[in-house]
Amino acid sequence: MESGAVHTQQQEEEKQKQQKEEEEEEKRKQQKEEEEEEEEEHFHVLAVDDSFIDRKLLERLLKESSYQVTLVDSGDKALEYLGLLDSIDNVNATSSSQSPQQECIYGEIRPGLGTDIFTGMKVNLIMTDYCMPGMSGYDLLKRVKGSYWKDVPVVIMSSENIPSRIRMCLEEGAEEFLLKPLQLSDVEKLQTHLLKSPEKYSSIRIDDSSFNTESSSNITVSSKSNIASKRKALSPEIEERRPKLKGLAVV
Amino acid sequence: MDSVVLLQRQLVDYTAQLFNEGFLDDQFNQLQQLQDESNPDFVVEVVTLFFEDSERLLNELAKALEQQSIDYRKIDAHVHQLKGSSSSIGAQRVQKVCIAFRNYCEERNIEGCQKCLQQVKNEYSLVKTKLETLFKLEQQVLSAGGSIPWPM
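Top line first, the protein sequences correspond to chains S and H. Residue numbering for the first sequence follows the UniProt record's numbering, beginning at 1 and increasing consecutively. Residue numbering for the second sequence follows the UniProt record's numbering, beginning at 1 and increasing consecutively.
Think of the hints as simulated: they come from the structure by calculation, not from any bench. Treat the hints with care, since some could be wrong.
Claimed, not checked - Below, in silico cross-link-like pairs of lysine-lysine (DSS-like), each with a Cα-Cα straight-line distance of 27 angstroms or less:
| id | chain 1 | residue 1 | chain 2 | residue 2 |
| --- | --- | --- | --- | --- |
| 1 | S | LYS56 | H | LYS128 |
| 2 | H | LYS74 | H | LYS136 |
| 3 | S | LYS56 | H | LYS136 |
| 4 | H | LYS74 | S | LYS56 |
| 5 | H | LYS121 | S | LYS56 |
| 6 | H | LYS74 | S | LYS77 |
| 7 | S | LYS56 | H | LYS115 |
| 8 | H | LYS115 | H | LYS136 |
| 9 | H | LYS136 | H | LYS121 |
As the list claims (entries may be wrong) - Cβ pair distances, simulated, as ranges:
| id | chain 1 | residue 1 | chain 2 | residue 2 | range |
| --- | --- | --- | --- | --- | --- |
| 10 | S | GLU172 | H | ALA100 | 45 to 53 angstroms |
| 11 | H | LEU142 | S | ASP86 | 46 to 54 angstroms |
| 12 | S | GLY173 | H | TRP150 | 52 to 60 angstroms |
Just so you know, these numbers come straight off a predicted model, no measurement behind them. Virtual Cβ for every residue (Gly too), placed ideally from N, Cα, C.
Bound conformation, chain S alone:
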């Protein structure tokens, strides 16, 4: 009788252990799903600045506002990230004149890995410092605007309030020109640029696993945002952070 009771106890313990393991596995799966969902819902910002301190600040500011951030220290690195380092026409599946939302698939094709490998990624906003050694923020802006990323809003940052510089950038298609050092209020204000026309700024994202199957069935459009609720009205003080263009002579 005794051995029978011990046997049952062991079985009981093992069952409990198994149950616990299954629960933890379930929890881990759930967590991963939540994380992936969060990644889907958060805007991704590509930030370009040669100053280490400013990158650290920018990272903190952006993460505080719930953005996903990728930081690079030069225009060249930014172009590399965007897959634009070679010629603009280095895209096999899409023609350079088509913007992302018109084509079902777009992504970065890494030369050397074969042209049928796509790594999808979304970029909802590019923020770049103006004054950088090598490629300036203005040059980067021009490159981006001439590529299939042209619909992604680009924000220029500068420590210098030079009206002609500002005008030049805005004319080239920059969404906004911000004076450094950036503050939380500046970053929060950026949301309005992203929410302006969701379809326009959405990017198409592909799971790596799906490139072999029909493209159309595996597209996730990351245009939704859970940041809508955080949207704040422009407060008067924010206006002062923007360089004023009124009163400038037309050159």
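We have chain S already, so just place chain H on it with the hints.
Frame of chain S, contents of chain H only:
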């Protein structure tokens, strides 16, 4: 009186003094606002980066001004960086000297540049000491079981 409260009072007073004397400006407040439980050392981290970066730049500037033939563009580039980083952490007096420094660079005024280098070294040294004192006071408050009364 409670030692924690005393220490906190000391911290508040010292910080206010730094702002009043122009060593720090509102950007420093911005940094403090970005510090929280998930980023508890943010201010110290950024300021430490500033110290390292500044020391490197000051060395480069000293070297550049010792050259036979002065490369003003290089000097200007360094000063521009120093101006940027001091501005990013709110080190107002350092930033102000940098502005003057850049003007002398533009004028290719060697004496003006040398004067400014000395000035910026002084201001940097001052703000470094003061920030280190500030951080020490914060540590004392925390060690005594108190919390940092930010933003002030």
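Hints, verified against the model:
1. LYS56/S / LYS128/H: Holds. LYS56/S to LYS128/H sits at ~20 angstroms (cutoff 27 angstroms).
2. LYS74/H / LYS136/H: 36 angstroms, violated
3. LYS56/S / LYS136/H: Given pair LYS56/S, LYS136/H holds - Cα atoms ~23 angstroms apart, limit 27 angstroms.
4. LYS74/H / LYS56/S: Distance of about 25 angstroms is within 27 angstroms: holds.
5. LYS121/H / LYS56/S: 24 angstroms, holds
6. LYS74/H / LYS77/S: 23 angstroms, holds
7. LYS56/S / LYS115/H: 32 angstroms, violated
8. LYS115/H / LYS136/H: 32 angstroms, violated
9. LYS136/H / LYS121/H: 23 angstroms, holds
10. GLU172/S / ALA100/H: 45 to 53 angstroms: This hint is violated: roughly 32 angstroms between Cβ atoms.
11. LEU142/H / ASP86/S: 46 to 54 angstroms: 53 angstroms, holds
12. GLY173/S / TRP150/H: 52 to 60 angstroms: 40 angstroms, violated
In summary, the numbered hints that this structure violates are 2, 7, 8, 10, 12.
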